[in-house]
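K.L.:
Okay, here's what each chain looks like letter by letter:
Protein chains: 2
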Amino acid sequence: MIDEIKYNSEGLIPVIIQEYKTNEVLMLAWMNQESLEKTIKTKQTVFWSRSRNTLWKKGETSGNIQIVKEIKIDCDRDALIIKVDAKGPACHTGEDSCFFKNI
Amino acid sequence: MIDEIKYNSEGLIPVIIQEYKTNEVLMLAWMNQESLEKTIKTKQTVFWSRSRNTLWKKGETSGNIQIVKEIKIDCDRDALIIKVDAKGPACHTGEDSCFFKNI
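In the order they appear, the protein sequences are chains G and B.
If you use my numbering, the first sequence corresponds to residues 1 to 103, in order.
If you use my numbering, the second sequence corresponds to residues 1 to 103, in order.
These aren't lab readings, by the way, just hints derived from the structure by calculation.
The model shown is predicted, which means the values in this text are computed figures rather than measured ones.
Wrong hints could be hidden among the right ones.
Which copy is meant is left open, because identical chains are indistinguishable; a pair holds if it fits in one copy or across any two.
[As the list claims (entries may be wrong)] Straight-line Cα separation of at most 27 Å, BS3-like style, residue types lysine-lysine; simulated pairs: (1) K101 - K43; (2) K101 - K41; (3) K41 - K87; (4) K6 - K101; (5) K43 - K21; (6) K21 - K87; (7) K57 - K6; (8) K38 - K101; (9) K57 - K101; (10) K83 - K21; (11) K69 - K38; (12) K21 - K101; (13) K69 - K43.
With the rest of the complex left out, here is chain G (with noise of 0.2 Å):
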């Protein structure tokens, strides 16, 4: 199933980081291969940094990691669902997801 990931012309696909208990939605993050592998053999989420083009360890300074719980893939293989149990906010500003605000 992960061969057959559609990664788009970056080499990325986006992943949607959901809370496993509640579903809230806590991010959408970017991953390429080396970063789903890694998250797949250390269960903890390790994403790529568009802004910084290098791999990007979920709480490495932060402490906030996440432990990952199920890795869903949709029907067009281009996008991720990682449910996560997070060890603190997701978010840099404090706030436990990204999407705080509302439009």
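Start from chain G and add chain B according to the hints.
P.N.:
Showing chain B alone in chain G's frame:
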């Protein structure tokens, strides 16, 4: 707030569609400014189809429209959540959610 949205280099923003009662994620779709404006105006989701390069009113042929309940934007202003009342399956396969496969 809408004026502050950061579209990507193709003029698109990823949109997480979430069922407003259960918080189940139904799909990850894409919008350009026009489709977002139509979504807000009509209170039904209108996406940008990247495969067909055209606006795509959800449910136009299937009848499975999505009534907009809430729109949220993330801290980076480059991703949206739209919570909807889904009048039928979100996925073209007939599944409620496009994320029906586990990895």
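K.L.:
What hint numbers does the structure not satisfy?
P.N.:
Violated hints: none at all, because every hint is consistent with the structure.
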